[in-house]
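Here is how the chains run, residue by residue.
Protein chains: 2
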Amino acid sequence: MRNIKDRKEIVIGLLGLGVVGSGVAQAILERKDGLAGRVGCPLRLQRVLVRHPDKPRAVSLDTGLLTTSADEVLNNPEVDIVVELMGGEDPALPYARRALTSGKHLVTANKEVMAKHGPELVSLAQSKGVELRYEASVGGGIPLIGPFMGDLAANRISAVHGIINGTTNYILSRMAAEGLDFNIALKAAQELGYAEADPTNDVDGKDAAYKLAILATLAFNTRVRPEDVYREGIRRLTERDFRYAGELGYAIKLLAIAKEREGAVEVRVHPALVPQESLLAKVSGAYNAVQVEGDLVGQVIFYGLGAGSRPTTSAVVADVLAIARRLYQGIGPVPRPTQDTGRAIAPISRLSARYYLRMVVADRPGVLAQISRVLGDLSISIASVIQMEADEVSGTAELVLMTRPALEESLQQALREMQDLGAVTEIASFIRVEA
Amino acid sequence: MRNIKDRKEIVIGLLGLGVVGSGVAQAILERKDGLAGRVGCPLRLQRVLVRHPDKPRAVSLDTGLLTTSADEVLNNPEVDIVVELMGGEDPALPYARRALTSGKHLVTANKEVMAKHGPELVSLAQSKGVELRYEASVGGGIPLIGPFMGDLAANRISAVHGIINGTTNYILSRMAAEGLDFNIALKAAQELGYAEADPTNDVDGKDAAYKLAILATLAFNTRVRPEDVYREGIRRLTERDFRYAGELGYAIKLLAIAKEREGAVEVRVHPALVPQESLLAKVSGAYNAVQVEGDLVGQVIFYGLGAGSRPTTSAVVADVLAIARRLYQGIGPVPRPTQDTGRAIAPISRLSARYYLRMVVADRPGVLAQISRVLGDLSISIASVIQMEADEVSGTAELVLMTRPALEESLQQALREMQDLGAVTEIASFIRVEA
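Here the protein sequences line up with chains A and B, keeping their order. Going by the working numbering, the residue at position 286 of the first sequence is 286; the numbering climbs one at a time, nothing skipped. Going by the working numbering, the residue at position 165 of the second sequence is 165; the numbering climbs one at a time, nothing skipped.
In case anyone wonders, no lab produced these hints; they're calculated from the structure. Some hints here could point you the wrong way.
As the list claims (entries may be wrong) - Derived SDA-like pairs: lysine to any residue, alpha-carbon spacing no greater than 20 Å straight-line:
id, chain 1, residue 1, chain 2, residue 2
1, A, K282, B, P275
2, A, K282, A, E293
3, B, K128, A, I331
4, A, K128, B, I331
5, A, K128, B, G330
Small disclaimer: the values here were computed from a predicted structure and weren't measured.
Excised from the complex, chain A in its bound form (with noise of 0.2 Å):
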C-alpha cells in the first residue's frame, strides 16, 4: 500500500466487465467529476480482468485497460480496491481471497461467495486491516447490508419477510395479473431477459436461499449457510392456486423467511400465502423487498429492484466510495466485532403454521369426512372449506382447504395419509400462509 497522506487517486481494478461490471465501469469514468468530489480525488480504473477481450460490450474501454491475467489486477502494487464482478464461486472465491491476503479492500455482489464464505473472507479482511463490503449482494440498489450492519444494529430482530428473487416475483406477478400457468409465464420471463435459459437457480429458490443466508447471519449475529435455508420453488405453482387464494384474499409470493423460534432460527424460502392488504403482496413485477421487524423499530420495509445493470451498479460504486473517503483521507476501516451467537437452526418440522391445501377428490359423500377425521386425528383443526367445483368426466371434485396453526411434521403426516385414501386422486397443492 502506498501513503495514504498525500493520494492523488484512488485505484480501482476489476474482475469481470459483464452486465454488472460494463455497468461499474461506465459509472466510474462517466460520472468521474461526481464521484471524485463525494471523495477528495479522482478514482481510476486500472485494470479490468476480462476472458474475451475482443468481445463487444456496453461500455467503451481504452483497451490498454483490458487483460486476461488475473494477477495483473491481484498483484497489481497500483490497485487500492478490488472489485469482484464475475459470480459464481470459481474463480470469484480464490480471487477474493488473494486481494484481501494481499491488503486490498474488496467490494464484491457476489450472493454466492458471500452466503458460503462470507464469514471467513470478513475475517481474513479484518486480520489484514482492509475493508470487504457486498452491499450489491442482496437487493441489488436497495440498502440493506448497510442498514443491518448500522441502522438497525440497537434492535433485537424477530423476523425478516423478503421478496429478494426478482425473476420468480415477475413470473408469480404475470400469473396473479394473467391467469398463466408457470410454463408460461416462465417462458414470457425468459424472452424479456428477466429469466435464464436455466432458470433452475431462480425458480427452485436457490438464487434467494443464497440472500436469506447472507441476511440471517447479519440479522441474527449467527452462521446461517445456504444449506440451511429450507427451500421450496414455485414450479408446482398453478394458475388455480392464484384463483382459488385471491378469492381469499392473498396474494401468492416466494418468500424468504428468517425469523427467531425458541432461540434458534428458522430460515425458509417458499411460495407463501400473504394477505391481499399487505404492501408484500403489492410489490410486483422485477422489484424486491424486505421487511424487518426489531423490538424498537417496529416493522420497517426496504422496496426497489433487486437486480439488474444500473440498481447492482448503484451499490457497487456506494461501496467503493465508502473505501475510497476512508483512503483518500488516512482513515482505517472499523472492524466489526465478531458476534457470532452459534444459535441452532430451527428444524422445518417443528415450523408452526396455516396452510392452504388444494386437492382433487372423488366427487361422492363422505370424502370430507373422511379427510376431516385424518386430519382431526392430527391435531389439525380445518378454518374453512373454500370450493368444489366438480369434473362431470372423471367423477372428481376440487377442494381447498385452509387450516389453523399446525404443526408441519403433522401437516406432513396428514398429506402421506391423504394420498393413502382411494377417495383423493391427487394433492395438488399445499403453500403456508404468512400473516
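Based on the hints, put chain B in the right spot on chain A.
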C-alpha cells in the same frame, strides 16, 4: 479527550429525558451486554440533563445521574458522546454548538435544529474532528440519512416523495377510511396522543418542511432551508374531497416533495392526490415512507414508523453505536467533502402539475362554459369534469374538475378570475396531483 488506546468504556451524556430520552436511557441500560458486544466495550450513561429531577419518568434511573446543569454534561471531561433529545431550537442549538466546540461527538434527533443549522453544525464538527449524527431527525427509526449519505451516493437523485409526518397521515387515513371531517379526525388523533394539543406544527406542514429541508439538502448536495419549502397544511381538506378522489382512483396524502427542475430544486409540502395503486397511497396510519428516484438505482422506498419513543430510540442508539465503535478502535471520523452545489430554489409559480378543483357553483345553464373559458384563456385544459350534485335549497351544484398539466401561476390566476364570476359561489379545494 482521553487516550483512545485503552478504552474500557464509552461515556454518554444525555440532554433531555422526555419520551425519547427515556427510551434511549432505557435501551442503553437494558441492552448493556448486547451493545457492549457490538462496540467492544460498554456504554456508560454518565449524566442526564433534566428540567425537573423529581418528575416521575418511564425509566428508572439512579437519581445521581440526573442534573439540572447543562455544564455537568457539556463541560464534563468524561463524556465522549452528547445525545441531544430536548427538541426545539433553544437551548438545544447552543448546547449542540457547545458540545461540538468542546470536542464531544453529538447525536441528535432534533429536526428543527438540523433543518435550520445543520450545515453550520456539520462544519463545526468537522473542524473539531468530531462526528455529528442525526439519523433520528427524519423518519424515526427508518434509515434515511445513512442511505442518502452512503448507499445512494453514486446516484443523481431526481426526486424524493415522502410521507414524513405521522400525525397528519394518521388524520388523513381516518378521514379516508371513515369519512370523517378534519376536526373530528384531529380530535381522535389528539385523544390517542398522535397529535398535540396545539397541532399547528403537524397539520400546517411545518414539521414535514423541517424534515424535507434535511433530506433535500442531502439528496441534492445544496443548502435547502425550511423557509425555502413551499407549504400548505391539511386543514382545508374535507370528507367530500376524499370521496371524489376515491372515485377518481386517488388517495389524498400530505406529501413532502423535493425534485430537480431545470437545475434548480423544487421543495414543497402540501396535500396531493396520489394514484390508489401506488405504494405511497397504501401507507396508512402513523407510518411514514420515503420514495427516492435515482438515475442508477431507479425507485427505492423506505417505510416504517416515523415517530415514537421506540423507533426514534432505534435510530439514536444506532448513531451512538457507530461513533462508539470508532472510538473504541481509536479511529477518527471520516469527514464528508462539502459539496454545496449552490442550486437555486425553483419557485412554486413555475411548477407544472395537474390539479383537482372542487367548487360550488350556481345550478344554472352556462356556468361550466364560463369556467371553461377562464381556464382555456390561461391555456389550462380540462381532463375531466367529474360530478355535479345539485343542492335544490341553495340553488347550487358541486363541480369537480381535473386539469391536464398546467402552470401553477396560471392556475392561481384562474382561481382568482373564477372567484370573480358571479356563478361561482366558492372554490372549496384545489389539490395538486402527483403521478
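Now the hints, each set against the structure:
1. A/K282 x B/P275: holds (14 Å)
2. A/K282 x A/E293: holds (18 Å)
3. B/K128 x A/I331: Given that 20 Å is the threshold and the Cα spacing comes to 16 Å, the pair holds.
4. A/K128 x B/I331: holds (16 Å)
5. A/K128 x B/G330: holds (17 Å)
Violated hints: none; the structure is consistent with every hint.
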